[in-house]
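Given the sequences, and given the hints that come with them, work out the whole structure.
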Amino acid sequence: MATAAVISNKETPAVISLDSEFGNEQPHSNGVKREEASQALEMGVQSNDDWESASMYEELYEEIDPDDYEPGADVCTPAEAKAYKDRLHEVGANMFVYETITSRKVTAKKLCTAFGVKLPVFYDKLADSHYYPLLGVAIKHEICKRRRLPQYKNIDDAARLLRKSKNIMIIAGAGISTSLGIPDFRSKNSGFYSKLQDHGFDDPEQVFDIENFDEDPTIFYSLAGDIIPDLRTWSPTHEFIRLVQEKGKLLTNYTQNIDNLESHAGIKAEKLVQCHGSWATATCRKCKYRVPGEDIFDDVRAQRVAVCKRCVEELKAPRPGMKRKRNPNGNGKPKKRLSSDDDDSDGEYDIPQPGPDITFFGEGLPEKFFERIRKHDRELVDLVIVIGTTLKVAPVSEIPQFISPEVPQIFISRDPIHHINFDINLLGDCDTIVAELCRRAGWNLQHKMLDPDQKIEVKPYEQDSDTHFTVKARRS
1 MATAAVISNK
11 ETPAVISLDS
21 EFGNEQPHSN
31 GVKREEASQA
41 LEMGVQSNDD
51 WESASMYEEL
61 YEEIDPDDYE
71 PGADVCTPAE
81 AKAYKDRLHE
91 VGANMFVYET
101 ITSRKVTAKK
111 LCTAFGVKLP
121 VFYDKLADSH
131 YYPLLGVAIK
141 HEICKRRRLP
151 QYKNIDDAAR
161 LLRKSKNIMI
171 IAGAGISTSL
181 GIPDFRSKNS
191 GFYSKLQDHG
201 FDDPEQVFDI
211 ENFDEDPTIF
221 YSLAGDIIPD
231 LRTWSPTHEF
241 IRLVQEKGKL
251 LTNYTQNIDN
261 LESHAGIKAE
271 KLVQCHGSWA
281 TATCRKCKYR
291 VPGEDIFDDV
301 RAQRVAVCKR
311 CVEELKAPRP
321 GMKRKRNPNG
331 NGKPKKRLSS
341 DDDDSDGEYD
351 IPQPGPDITF
361 FGEGLPEKFF
371 ERIRKHDREL
381 VDLVIVIGTT
391 LKVAPVSEIP
401 QFISPEVPQI
411 FISRDPIHHI
421 NFDINLLGDC
431 DTIVAELCRR
441 AGWNLQHKML
451 DPDQKIEVKP
461 YEQDSDTHFT
471 VKARRS
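Residues in the sequence shown are numbered from 1 upward in steps of one, following the working numbering.
Just so you know, the hints here were simulated from the structure itself, not pulled from any lab data.
Be careful, since some hints might not be right.
Stated by the list, open to error - Distance condition first, Cα-Cα at most 27 Å in a straight line; then the derived BS3-like pairs of lysine-lysine:
no.	residue 1	residue 2
1	K249	K271
2	K85	K271
3	K247	K268
4	K105	K118
5	K125	K145
6	K247	K448
7	K153	K459
8	K247	K145
9	K105	K85
10	K145	K392
11	K392	K82
12	K153	K392
13	K271	K164
14	K145	K118
15	K375	K249
16	K375	K392
17	K145	K109
18	K455	K164
19	K153	K249
20	K247	K368
21	K110	K85
22	K109	K166
23	K166	K309
24	K247	K455
Unchecked claim - Estimated spans, in silico, between C-beta atoms of each pair:
no.	residue 1	residue 2	range
25	Y461	Y123	27 to 35 Å
26	H130	R232	50 to 58 Å
27	C287	E462	54 to 62 Å
Virtual Cβ for every residue (Gly too), placed ideally from N, Cα, C.
Structure (structure tokens):
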């Protein structure tokens, strides 16, 4: 789906055809405005077969770090890749395809590497034309990306933006809580990921899938103890977000975290959008009875499935003409999961388990997310700061593209990402980076986990890089 389509509820074709309107004829204009090129992306697929093919190639499409390519004749150099991207944005999709593919100046396979496409191994022996659909997807993704604002590059620029901006949007992910021992469940280096594998899962989405929870909540409860927070403390990055709020500069804090630590750190409810819900409350999947999330923490930490107290009380009450059936296995575990549309008229009424009010995979995001970004933040925001997230999960991942391209954007995380163009990229420990940002901005960020005398080292992430910098504590 095209950039920001999830947020704006507009669907666009997933594949640019290199065989029809993009390539058979030379465009009449020497330059195609970006708006015209974007309109061209709305064309292309009409039949059901086209849409099925589009979906297939979107799923096959994956961006990788350009450094992962083995150098060779079929791989663009960094300079070539930059030149191709710049040319695409300069002339638009039609002219770009004509100049490259139609004119046979470069193979589709090689051109794919300019856009960081992960080349399928099974394509190696196929004709170059088989790469056309993937290249079409890559061109669509690239032309929809925001372009960097060249006037912003380094950490001092970031500090100046922090001082002068009045409506700062902060998008936060798991990286702002890892210093507290809460794992990033997507990181393969975490103990949580190892536990997933021990339970036979290779993807955390399987544990956080709503259908799996309804079918067997024991899987979730056996693992969730590792990700519930200690509500008595929060990280320096949480404190940074609160400081932005205290300065009167916080427009909205969008958090993908479910630990609810933003609330405990003092972020006001009207400034906070918990995109994926939180542990703040838990709700029975059958009767919808809601309790404070802390009510089930003891069960979660004990890897014990919590039961709905209201449903238990109802079961204790006499029911005319009906006998309650006992679980024949005697171990107290429900023999089947009872979903919200189950009918207990047959006398089989298993006790439902409450689940935390987090957004499981398979569920939609809260309406507050869409209302806030569309009708409030989009027109007001003057700085975007993304902290501690790789922005891989839609629709949160679409926010940077949905915002006006004139709004500066700062990325703060341990590792770089390549599918979004940020103006300033500060790489390293989130707590260290925000502390140094505040120091350079003249702000007093205080937290027990911060050493006020710590010396910080800022270096280019790569040679000749003027937009990516590592920020780390200097060894004494």
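We went through each hint and held it up to the structure:
1. Annotation: proposed proximity of K249 to K271 holds, straight-line Cα distance about 11 Å (limit 27 Å).
2. A hinted pair counts as satisfied when its Cα atoms are at most 27 Å apart, and K85 with K271 does not qualify at roughly 37 Å.
3. The straight-line distance between the Cα atoms of K247 and K268 is roughly 13 Å, inside the 27 Å bound, and the hint therefore holds.
4. For the given pair, K105 sits about 21 Å from K118 by alpha-carbon distance, which is consistent with the 27 Å threshold.
5. This hinted pair does not check out: K125 and K145 have alpha carbons roughly 31 Å apart, beyond 27 Å.
6. Restraint check for K247 and K448: the C-alpha separation of about 21 Å stays at or below 27 Å, so the hint holds.
7. Of the pairs offered as hints, the one joining K153 and K459 holds, with about 13 Å between alpha carbons and a cut-off of 27 Å not exceeded.
8. For a cut-off of 27 Å, the pair hint linking K247 to K145 is broken: about 31 Å separates their Cα positions.
9. For the suggested pair K105 and K85, the alpha carbons sit about 15 Å apart, so the restraint of at most 27 Å is met.
10. A C-alpha spacing of about 15 Å is found between K145 and K392, which places the hinted pair at or below 27 Å, so the restraint holds.
11. A distance of roughly 23 Å separates the Cα atoms of K392 and K82; the hinted pair therefore holds under the 27 Å criterion.
12. A distance of roughly 24 Å separates the Cα atoms of K153 and K392; the hinted pair therefore holds under the 27 Å criterion.
13. Between the alpha carbons of K271 and K164 the distance comes to roughly 20 Å, so the proposed pair stays at or under 27 Å and holds.
14. Between K145 and K118, the direct Cα distance comes to roughly 18 Å. Compliance with the 27 Å bound is thereby established for this hinted pair.
15. A C-alpha spacing of about 19 Å is found between K375 and K249, which places the hinted pair at or below 27 Å, so the restraint holds.
16. For the proposed pair K375 and K392, the alpha carbon gap of about 24 Å is at most 27 Å, so the pair holds.
17. A hinted pair counts as satisfied when its Cα atoms are at most 27 Å apart, and K145 with K109 qualifies at roughly 21 Å.
18. With a C-alpha separation of about 25 Å, the suggested pair K455 and K164 falls inside the 27 Å cut-off, and the hint holds.
19. Proximity of K153 to K249 is assessed by CA-CA distance (about 22 Å); at most 27 Å being required, the pair is judged to hold.
20. In summary, the hint linking K247 to K368 is supported, as the alpha carbons are separated by about 24 Å, within the 27 Å threshold.
21. Between the alpha carbons of K110 and K85 the distance comes to roughly 13 Å, so the proposed pair stays at or under 27 Å and holds.
22. Only pairs whose Cα atoms come within 27 Å are accepted, and K109 paired with K166 is rejected, the gap being roughly 46 Å.
23. Between K166 and K309 the CA atoms are separated by roughly 47 Å; this puts the pair beyond 27 Å, and the hint is violated.
24. For the hint linking K247 to K455, the alpha-carbon distance of about 25 Å falls within 27 Å, and the restraint holds.
25. Distance hint check: the CB atoms of Y461 and Y123 are about 31 Å apart, consistent with the given range 27 to 35 Å.
26. The given range of 50 to 58 Å is respected by H130 and R232, whose C-beta atoms sit roughly 57 Å from each other.
27. For C287 and E462, the hinted distance range of 54 to 62 Å is satisfied, since their beta carbons lie about 56 Å from each other.
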